[in-house]
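Got chain A sorted already, so can you dock chains B and C with the ligands onto it with the hints?
Protein chains in written order, with this note's numbering: chain A, 1 to 145; chain B, 1 to 467; chain C, 1 to 945.
Please keep in mind that the hints were generated in silico from the structure rather than gathered at the bench.
Keep in mind that a hint or two might mislead.
Dumping the calculated DSS-like pairs for lysine-lysine here, alpha-carbon to alpha-carbon at most 25 Å [what the hints assert, rightly or not]:
(1) K245/B / K27/A
(2) K27/A / K187/B
(3) K252/B / K95/C
(4) K803/C / K867/C
Non-contacting residues of chain B with respect to chain C, defined by C-beta distances greater than 10 Å in every case (computed) [to be verified]:
(5) E25
(6) P69
(7) E72
(8) I73
(9) R89
(10) Q103
(11) P108
(12) R109
(13) A204
(14) A208
(15) G214
Positions of the beta carbon are idealized from the N, C-alpha and C atoms, including for glycine.
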Amino acid sequence: MGNDSAIHELVSACVGQTGAPITALRKIMAAHGHITDGHVGIVADVFNLSRADVRGIISFYSDFSTTPRGRRHIRICQAEACQAAGCRGLTREVSEALGLGLGETSEDLAVSLEGVYCLGLCASGPSAMVNERIIAHATCEDLLP
Amino acid sequence: MSRALVPSETLANALGANELARELEARGYEVVRSGGFGLAWLEPMLVIDGQAYGPVRDLDALEEVALGPVDEIPAIARQRRIVFDRCGRGDPMDYDPAWLLDQLQRSPREIIAEIRASGLRGRGGAGFPAHIKWQTVHDTPAPRKYIVVNADEGDSGTFADRLIMEGDPFRLIEGMLLAGHATGADKGIVYLRSEYPLAAQIFAQAIAKARELGLLENFVMELFIGAGAYICGEETSLLESLEGKRGEVRTKPPVPAVAGLFRQPTLVHNVISLCSVPGILKMSGAAYAEIGVGLSTGSMTFQLAGNIQRGGLYELPFGLSIRELVEDWGGGTRSGRPFGAVQVGGPLGAYLFEEDLDTPLTYEATAQLGAGIGHGGLVVFDDTMDRMQQAHFAFAFCAHESCGKCTPCRIGAVRGKETVEALAAGEYTEDKIAVITELCDVMEEASLCQMGGMTPIPVRSALGIGK
Amino acid sequence: MRLDDPDYGTPASRSEERVSLAIDGASIEVPAGTSILRAAIEAGIPVPKLCASDNLDAFGSCRLCLVEIEGRRGVHASCTEPVRDGMRVRTQNEKIARLRRGVMELYISDHPLDCLTCSANGDCELQDMAGAVGLREVRYGEGENHLGAAIDDSNPYFSFDPGKCIVCSRCVRACSEVQGTHALTIDGRGFDSSVKTGAADFFGSECVSCGACVQACPTATLMEKSVIEEGVPDRSVRTTCAYCGVGCSFRAELKGDQVVRMVPDKLGKANHGHSCVKGRFAWGYANHPERVVKPLLRDRISDPWREVSWKEAITEAAARLKSVQAEHGLHSIGAVTSARCTNEEIFTVQKMVRTAFGSNNVDTCARVCHSPTGYGLKQTYGTSAGTQHFDSVMRADAILVIGANPTDGHPVFASQLKRRLRQGARLIVMDPRRIDLVRSPHIEAESHLPLLPGTNVPMMNAFAHVVATEGYVDEAFVAERCDRESFAAWREFAAQPENSPEAVAEVTGVPAADIRGAARLYASVKNAAIYYGLGVTEHSQGSTMVMAMANLAMATGNIGREGVGVSPLRGQNNVQGSCDMGSFPHELSGYQQIIEAGVREKYERAWQVKLLPEPGMRIPNMLDAARGGSFKGIFIQGEDLAQSDPNTQGVEAALGNMDCVIVQDLFLNETAKFAHIFLPGTSFLEKDGTFTNAERRINRVRQVMRPKSGKSEWEAVQELSAALGYPMNYQCAADIMAEVAALTPDFAGVSFDKLDRLGSVQWPCNDGAPEGTPIMHEAQFVRGKGRFMLTGYQPTDERTSRKFPLLLTTGRILHQYNVGTQTRRTRNLEWLAEDQLEIHPSDAELRGVRTGDRVSITSRMGEIVLKATVTTRVAPGVVYTTFHHPATGTNVVTTDLSDWATNCPEYKVTAVEIRPANHLSDWQREFQQRDARQRELQPAEPAAT
Ligand SMILES: Cc1cc2nc3c(=O)[nH]c(=O)nc-3n(C[C@H](O)[C@H](O)[C@H](O)COP(=O)(O)O)c2cc1C
Ligand code: SF4
Ligand code: FES
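Isolated chain A (complex conformation):
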């Protein structure tokens, strides 16, 4: 793992902050896309937690993943306001077009499709996110590559 020392630095920089282990894991996700066993060891070591502790934290929060996500990470809101605005149909369309169900990643790691519960655009649904970009009144064309 060539960049473990960079990750170590990233993680150590969080020491002293409130909720630091979670912040550190978020930073690893941002830097590396997913969390490896090696990263677990680093976080455990820096915050003096057990590996089991870190595993427990990672698996609790939806933002964390131990497997890589697609380069195009599509998230479609599945919550009620977006349901009322048609997110079920939109999700079906996108899912069929990509051949992926919610929570799945294409084998070539090009795309992953995920549900999300509310992006705070509830008056203008259905809402979605593609990587960092937030989309209101989303349509299938907005989301597909």
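What follows is chains B and C with the ligands alone, placed relative to chain A:
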């Protein structure tokens, strides 16, 4: 040179505000990125030299969407904007601390007395009288006390916290500093959901600015970003998460006001609750208590969402009816089909139908229906809504977001989901209804927190099962 | 048919304040802070529960313990609801019953329905509770479930079947709260929540196999493999573990005559229901096929062994000992007692020596571990024992751990210590190695002083310097409680510049600022406690160091109450007892000096013999004399001199030179290879008697199964004594303790009856303290005024040189125990199949050594070869290994230097050199040959059960 206020707010940006700002700049306007007014259907809405335009798609066709002077837009003028009075009217970083510094001279006792007089109740969902928590934190001796701001805003149909943090972050900073001063807490942490990156950026900027202004010399302010868990909006789960752990709900007692973050007395408040504080102190608690009805005092930041013509945020005194909000303010469904149902108060709120629409929006009246106001979000559905599907979703959401600590919620939500599926597939209807009814009782009464405890509310109301 | 004691659901409250309430109409009074659940159960009102257990904090997750409280809406979990004055609670009504059934229905909807074939049938709380709430049917159809989850069988002793898990978190909480390892977590959330380790399976994880999770599990999810194989036990016997000096109480659970499992006893005052992997699981050696259960005899050690009757063995032993004495004189024979035997067994052996042998040539293996403790604490405080009970640590604000590795050596005490650290106590570790206490999940020492082996004394003198010169002396305490003159001398001594941290920084290898910081921390808190181990005693200056620590505690007023003190962590189960029972050559029971005429007279009257006034030989004297040819016969009970004593070649030479070596043990150990007569011993499961743990606690050891050899050790010794002409006439072990009590002031109040009644007592136990003495020196020191001793530093003669540039220090690991006689004959072997050498990366690199390489260790005494592990746990210049495997021969390289006062060997400091090597050392080759030869000489049929 013309001055253009261009909202910098997630929804407006998603609808093209950034591009508009660039173009206006190129055309020689003095562009100010302001907060949003919250009128979603008009976004992106520009205010150029006091004149409002929206929704703006084409700068060359501005007049087609002219709305007149911004303060005369009825959807703004008819609101009672106490929390949102500044929001949308300029650069959020443009802040004069004089009033705040003045207020910080008042004694804690005086401030708590104003809060008591105002009758302010928590806007995060439970509607608990704020002053009791303030007094408890104030009175509990401890080496350290904290203010924790609940900006996890996970309820579908709500975005008030996001709007204020993006549009007037200093309102929250004022609330936090006043609460810290009144309770004796010297550290405040905002727990913000990760789905709100722009709010995070703007609020972080505001903290830096506050530091520059010398407001944080005796107070530590931190911003913490969550990691995707609805349950972390529940205050004890939030505290666990802030301690860097799994967000498993804690049992109460002790309540956070006695032993919260790191087991120290902690004032946990929703963003809007704290943002209501400056307005209360400005007008006096007694004057605030005059607004609204009964024990539902002051203004509520209602948010209209879902299948709605004129969705958005409307800050209004408690007491108007659901119908007024949905029909008069909201203009009915966006699809143009007949009204079907409205879910009030987020995923754990009740589905209400035509016959309930005249209920006034107060804590008391909604409670009568077995519903609640929650964080003030109303999600409108048209008549295509499938009640079984929504009941199924209520269980599914609980199954997805349950922290897993207690049995009724951890297993009950999944069994509920499966039973509704069986029901939808037409199996033994009567038996299944009986099973669901009993399961709802068990979840409501026996769950450790309101996640499992309130999931029966949307289920029962969607299925029309009486309590 | 539950074997365990009642569980009150939540821990007892320590509050003094009382609260009264009514539960189901009954008025009840309990301490404030008690949960409603506990109050109800204490009052005999049963309330169903699954996630609650009285050794864990209330958790409130199972929702079975719901009750109604008058005046409050809804139902409330009684485990998390504290009682309030005037509260009126209902634990039963139709609504509560319906809710409980509903919750149970949910549990069972995700649980296999195979109770009758389940290994926990009859011992399952889920089953009990389903019955208690009256669940009759589960109406949910087939749905999502965890029934197919794969079983994890990787741990040798227990299996994990997640398909049966109810996610109550009891295992996770036990691992964190009780054991303090944090090896378990809940993984995922919601319905996906499941118990996981931080690795692929239990064996590969951080789990230390203490068994707390298995104990905590209310279902068959975590289950002892022995129960799965043999079935749920049906009766139990309370007894005491025979491993380390913590002395945990256990319930041996049996099915018929077969021990099925050992379960830590909640009522045990040393362990409060906790245990470690050794006591909990590693008892299988008692039934190991290599157990020898018949007496063996041979003329020469090159002869094959011959099985003989007890009668023949005893007669022959007596005859041979007599003939040695006839030929070589009264003092040509002696005996060694063992810290693994019971007080009664030890007392009998020393009595046989002093009566039937007619000399004082008796010594104990405590010689090689804690003799300096006895000497040092006697000199300063007046009594040869630690000052505290274990629970005292829960009041300590700063804890100084010196030369001990509690998480490996004394795991159950370590768990308690870690709990205290998690509550906020501060920790200083003084040890050459970075032991786990220095930093491991959720605990961290504030200061680690990684001093060079052999420099304890200057380090402690520097602490004294800081105390004496920076105003940390507790003047009031010293003035009132201590001897004025000796204190004045000490203060002057401590203040000398050569004792300053700056002056000792170089010799100890620790920066002066770190030393000062640590000393200030120790001296400035309200309660500071010292815990130490063999890293203090096993030095040429072991006794000096014990006195230096004693001085420090006195000078800072840290003696005589809870939370303070000087506490040795004893190595073996009965080190304390073997010292107490009079098996040192110069002392009778209770440290009464043989040279004192009055003492002798008392024993002479009781025993009806004349005692010699002069002390007898210590072990090293006996071995010296044996090599010299004047000491020819020895009786060794339960001790493996040839492996555990230093300078193995020297010990072998001595044993080889004797005419009559009698060994009594479970196995043909290394020493038995030199023996002429072998008497089979009993395992702790077969013994009846007492062990005394490190806190002076006398615990009962009860017979769980009949002695496989047919005889208790004390019976065999009594017969041997009779054959030598001195009959003893004990009918049972209790008779022996009665005699000890009659002759020993500190034990005057001890009897088996009292022990059975109170569970255990800490000596002194007499008219002044009928229920024993948890804390010593409370009002005044045993010797009157506390005496300060001067502790000048005399460096050991063992120095590093160009030829031997590294310092070797030795110790042990969690899963093995001492010379491994027991643990090597259990599946604990799976954790460490061979001893390894720890070496720092810089030293390793210089020598081209990588982890896994074989290396030779040479010292001035000899050479051995073993596998290297490169690690920063040891500092540069220091190497470390264990001595659990005889084939390693660790003590081939250790020197024969020893403590100036007590002859305790200096195991902890040996100058060595390390080189890559691909051969066995000469000694190891010889060992293998001898081992093979001796195996051939064993009786043809392995004397199996
Ligand atoms: C499942 C669940 C989710 C919640 N989510 C939020 C939330 O996102 N934001 C919020 O302010 N309060 C939320 N709450 C309410 C909080 O627990 C708590 O009542 C609130 O933060 C208190 O602040 P207030 O008194 O200002 O309302 C939630 C409660 C539950 C049971
Ligand atoms: S009700 Fe659900 S979310 Fe709340 S504690 Fe129980 S399992 Fe967790
Ligand atoms: S419900 Fe989809 S954005 Fe809020």
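Taking the hints in turn, this is what the structure says about them:
no. : hint            : in the structure
1   : K245/B / K27/A  : holds (16 Å)
2   : K27/A / K187/B  : holds (24 Å)
3   : K252/B / K95/C  : holds (22 Å)
4   : K803/C / K867/C : holds (21 Å)
5   : E25             : holds (46 Å)
6   : P69             : holds (51 Å)
7   : E72             : holds (48 Å)
8   : I73             : holds (44 Å)
9   : R89             : holds (42 Å)
10  : Q103            : holds (37 Å)
11  : P108            : holds (29 Å)
12  : R109            : holds (28 Å)
13  : A204            : holds (28 Å)
14  : A208            : holds (33 Å)
15  : G214            : holds (35 Å)
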